[in-house]
Amino acid sequence: MNKVLSYLIITLISFVSFAQEEKVKNEKAHYNTNKFKQLKEEFNTPNTYRTASGAPGKDYFQQQVDYKMDIILDDKNQKIFGNQTITYHNNSPDALAYLWIQLDQNVRAADSKTPDIEGGGPSVFYKPEQFTQKFLGKPFDGGFKIEYVKDINNNDLDYVINQTMMRLDLPKPLQAGETTVFKMKWWYNIPEHTVNRSRSGYEHFEKDGNNNYIIAQFFPRLAVYNNVEGWQNLQFWGRGEFALEFGNYHVNITTPSDHILDATGKLLNRKKMLTKVEYKRFEKAMKSFDKPIIIVTQEEVIEKEKHFSDKTKTWKFYAENVRDFAFASSRKYILDIMAVKIGNKTVIAESMYPKEGNPLWEEHSTRVVANTLESYSKQLFDYPYHKAISVHGKQQGMEYPMICWNYGRPREDGTYSERTKNGMIGVITHEVGHNWFPMIVNSDERQWTWMDEGLNSYTEIMAEQTYQKGFPSRSFPKNVTEYMRGDQDQLSPIMSQSNNIYNFGMNAYAKPAAGLYILREVILGHELFDKAFSTYAKRWKFKHPTPEDFFRTMEDASATDLDWFWRGWFYTTGNVDVGIKGIKKYVVTTKPTTRVKKMAAAYGMKPKDFGPVIYLVDTESEDYTVGMENIKNPIEDIQFLKDYLANNFKGAEHANLKNTRYFYEIIFEKPGDIPMPIIVDYIFTDGTKMRKQYPAQIWRKNDKEVKKLFASDKEIKEINIDPDQLTADVNIENNYWPKKVEETKIEKFKKKLKDK
Amino acid sequence: MKKILSLLLIVLFAFTVHKYHLSLTKIVFNVKSNSLQITMHCFIDDIESVINKTENVTCELATKREVKNIDSLLQKYVLSNFILKVNQKKQLLKYIGKEYEKDLIYFYLETDSVPKINFLEVQNKILLNTFDDQQNIIKINLNSQKKTFYLKNGNDKEMLKFDK
Ligand SMILES: [Zn+2]
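Chains F and V, in that order, are what the protein sequence lines are. Counting along the first sequence from 1, when you hit position 621 you're at 624 in the numbering used here, and nothing is skipped either side. Counting along the second sequence from 1, when you hit position 141 you're at 707 in the numbering used here, and nothing is skipped either side.
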């Protein structure tokens with residue numbers, strides 16, 4: 004066939020199909036609703052602060068806030084007292100007339116509006132303390148009691164408090180590049196976190212009369228000022244967590260002298276705080292890379308619990324470049340430590356827990372900390388701090404720089420279920436993992452929960468699987484399908500502000516994590532994904548990334564357009580459902596088909612003008628006649644094809660030609676909204692299998708249905724879509740050809756009963 | 567922050583909850599027995615907490631620490647919360663049994679032989695009292711008609727009309 008002719012045929016074909024569609028007239032116009040449309044309207048315009056590639060720009064800035072604090076923990080009355088000096092560095096190009104300071108404890112103030120925004124009827128039950136607080140006019144008297152705010156010359160500064168936010172008016176605006184220093188004195192009643200659910204507080208142990216303090220959000224902290232939100236002074240309502248600046252902390256904490264305490268930062272006077280024996284054990288632990296060494300033993304703790312020291316001691320800490328500070332303290336703490344090699348540094352992996360946590364804690368906590376440090380360092384970047392601590396807190400799971408609280412309490416007799424054990428391993432991995440997102444890759448949690456919880460829940464899966472192969476991780480794609488096909492009224496896009504999310508755990512933890520898992524397993528592959536994901540983490544470590552910075556970096560670092568995926572998975576409430584609608588079998592013939600006759604006629608030609616050609620005929624079409632299947636091996640049975648091959652291929656090359664003789668047209672359907680690659684297992688009658696993955700872009704012109712020609716030297720017996728359940732397909736009934744008629748679960752169960 | 571396993575998670579703040587509350591019920595017509603067959607599943611720990619509370623027991627489902635009469639407790643709970651009416655007549659449901667699969671519990675129920683179905687009313691109150699955000703999904707496959715709907719607090723039943 005000459006070139007002109009083939010050109011003519013191509014234009015003719017496209018003309019014919021165009022003519023068929025021309026019937027539609029006067030329909031309403033529409034904007035571009037294509038699911039592969041770029042996210043130009045959703046994304047902020049890139050600028051010199053944040054580049055189009057997703058990296059910090061040349062004018063990127065962030066503020067620095069340094070704290071010097073003297074803290075007293077009053078164990079008798081469960082109060083905490085603080086005296087702090089704050090140094091605020093204005094690195095922004097803007098002059099600031101006032102500063103916003105977060106007073107998170109006010110969420111528990113007697114007049115807090117947090118309970119007022121919660122609808123709904125009565126709780127399932129009320130403990131006596133809860134009933135008294137809620138109904139008997141004795142609400143918990145929480146919240147900061149601010150004694151003063153002064154400048155360094157002891158002049159009172161002007162401030163106003165709006166719930167959890169304090170506006171501090173500066174005597175004169177703080178110019179770009181300037182620093183201001185001021186002092187605050189405060190105290191508050193520590194909440195009992197087991198009564199009033201809170202991230203921080205104490206647990207009282209009735210049997211021995213002691214308390215376990217896990218203390219955080221305990222001091223007035225500066226709000227973030229940046230180029231995206233200005234001041235991030237959205238109220239703390241209790242859910243959307245924290246947005247914080249980096250800085251250096253000098254903190255002295257005074258406790259009863261029989262407490263064991265640890266906190267964010269370097270403990271500067273460890274030798275003085277520990278007994279001689281304890282310090283010796285600590286030195287030994289710093290050389291123990293294979294198992295934890297117990298520094299304060301259970302027997303020693305049982306003895307301590309019987310007393311209550313009236314003497315005090317002061318723990319001294321220095322923390323550099325952290326976004327927050329937290330500590331835990333109790334005379335009930337058993338303490339164990341092991342050493343972990345990260346790069347060429349030795350990091351302390353540590354646990355503090357009451358005897359009520361044993362034997363579970365002694366067996367697993369510190370080992371899980373060590374595993375998490377190793378796994379996350381490999382996935383993202385080397386852990387930059389010198390230690391990571393897991394503290395036992397009933398019903399807790401909460402993260403701070405270098406320290407976190409975790410649940411996992413055995414029954415009173417010391418036994419525990421698999422569920423408790425796995426829950427504890429999962430939560431420790433998760434909370435220690437938060438050191439990366441958001442403690443170091445410091446996203447704005449108040450606005451976007453998924454940026455730390457989602458990314459961390461993904462990284463957590465990988466760490467759990469290294470701790471224990473086959474660990475029941477909760478955020479695999481197949482774990483989110485029931486949630487994603489739920490009632491649309493109860494779904495919100497991942498890109499929603501933290502306080503306004505339905506199904507918080509699924510929306511902000513599991514779904515984004517499953518999305519990243521799909522990106523790695525299906526869309527990008529391991530190598531590209533790992534490179535891109537760690538590029539994001541490295542670019543934004545010790546900085547403040549936004550969602551766009553993440554989305555843009557993943558594309559920038561992988562040369563893969565993912566806008567369609569971000570749009571479907573993060574910006575909508577859609578779900579994934581890809582299936583097989585049908586399959587057609589074709590046979591090979593040299594007899595001209597209706598289609599070619601039509602085309603030739605329209606052009607004043609005859610089919611034979613096209614020269615010797617091969618046609619594929621749908622076995623269910625008019626063109627099909629019995630006997631056509633006699634051409635079993637086209638490369639043998641069609642003489643002109645055989646000649647062509649003989650003339651063009653010699654020897655081994657000829658012998659290795661594939662004897663393709665089965666032709667199918669497979670019709671894939673997509674009832675789900677989100678585009679997704681089609682992963683197909685073609686299973687042949689000889690028992691062999693072939694996996695083929697068609698990119699998501701196959702849906703770019705037809706969002707509902709696509710056809711695919713499949714030619715093979717083997718006959719298809721079965722087709723399975725997404726056989727490993729990697730794409731969060733919410734309906735697998737349409738994933739099989741031929742359709743699977745499976746016995747129902749109830750019938751199977753009835754049979755089982757009968758057999759018994 | 568993460569899911570906690572205790573009952574207290576329902577109170578006040580849900581901030582440590584890494585979880586959703588959901589059940590899925592499939593109702594199919596079995597031609598052989600001329601009956602409706604019901605398969606319902608939900609999370610083991612959700613059912614466990616409601617049984618412990620309403621029956622004042624401390625059992626751990628799917629472990630050796632189940633109470634002896636657990637099947638009768640589960641049967642009582644499920645049958646009093648799941649109600650099926652055919653042509654406005656309440657159906658007597660047989661509780662066939664339960665089965666555990668990973669973190670899910672499956673309940674199997676079946677009606678006696680039913681007349682030609684013109685109206686089918688499904689009420690599923692399972693766990694609605696316990697969790698504000700509980701969703702009970704119902705999927706019906708009857709006379710080759712498929713229907714899906716969602717029951718939740720304030721809307722715990724649905725009536726369907728079948729023409730054929
Ligand atoms: Zn978390």
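Just so you know, these hints were derived from the structure itself, not from any lab. Beta carbons: idealized from backbone N, C-alpha and C, even for Gly. One or more of the hints may lead you astray.
What the hints assert, rightly or not - When the alpha-carbon atoms are kept at most 25 Å apart in a straight line, the in silico DSS-like pairs for lysine-lysine are as follows:
1. K757/F with K651/V
2. K79/F with K61/F
3. K584/F with K31/F
4. K634/V with K584/F
5. K651/V with K742/F
6. K348/F with K269/F
7. K753/F with K634/V
8. K751/F with K705/V
9. K481/F with K664/V
10. K753/F with K619/V
11. K424/F with K668/V
12. K695/F with K742/F
13. K634/V with K668/V
14. K82/F with K141/F
15. K210/F with K31/F
16. K705/V with K753/F
17. K634/V with K757/F
18. K592/V with K753/F
19. K598/V with K481/F
20. K634/V with K481/F
21. K748/F with K598/V
22. K753/F with K598/V
23. K592/V with K137/F
24. K584/F with K753/F
As the list claims (entries may be wrong) - One-sided excerpt, in silico: chain F residues whose CB lies under 10 Å from chain V:
25. G124
26. F138
27. K141
28. G145
29. Y282
30. K472
31. M631
32. P674
To be verified - Chain F regions said to be covered by chain V (calculated; three or more residues, Cβ under 8 Å):
33. 156 to 169
34. 501 to 515
Taking the hints in turn, this is what the structure says about them:
no., hint, verdict
1, K757/F with K651/V, "violated (28 Å)"
2, K79/F with K61/F, "violated (53 Å)"
3, K584/F with K31/F, "violated (30 Å)"
4, K634/V with K584/F, "violated (49 Å)"
5, K651/V with K742/F, "violated (32 Å)"
6, K348/F with K269/F, "holds (15 Å)"
7, K753/F with K634/V, "holds (22 Å)"
8, K751/F with K705/V, "holds (19 Å)"
9, K481/F with K664/V, "holds (23 Å)"
10, K753/F with K619/V, "violated (30 Å)"
11, K424/F with K668/V, "holds (15 Å)"
12, K695/F with K742/F, "holds (20 Å)"
13, K634/V with K668/V, "holds (21 Å)"
14, K82/F with K141/F, "holds (18 Å)"
15, K210/F with K31/F, "violated (75 Å)"
16, K705/V with K753/F, "holds (21 Å)"
17, K634/V with K757/F, "holds (22 Å)"
18, K592/V with K753/F, "holds (16 Å)"
19, K598/V with K481/F, "violated (33 Å)"
20, K634/V with K481/F, "violated (34 Å)"
21, K748/F with K598/V, "holds (16 Å)"
22, K753/F with K598/V, "holds (14 Å)"
23, K592/V with K137/F, "violated (41 Å)"
24, K584/F with K753/F, "violated (32 Å)"
25, G124, "holds (8 Å)"
26, F138, "violated (14 Å)"
27, K141, "violated (16 Å)"
28, G145, "violated (13 Å)"
29, Y282, "violated (34 Å)"
30, K472, "violated (17 Å)"
31, M631, "violated (35 Å)"
32, P674, "violated (12 Å)"
33, 156 to 169, "violated (count 0)"
34, 501 to 515, "holds (count 7)"
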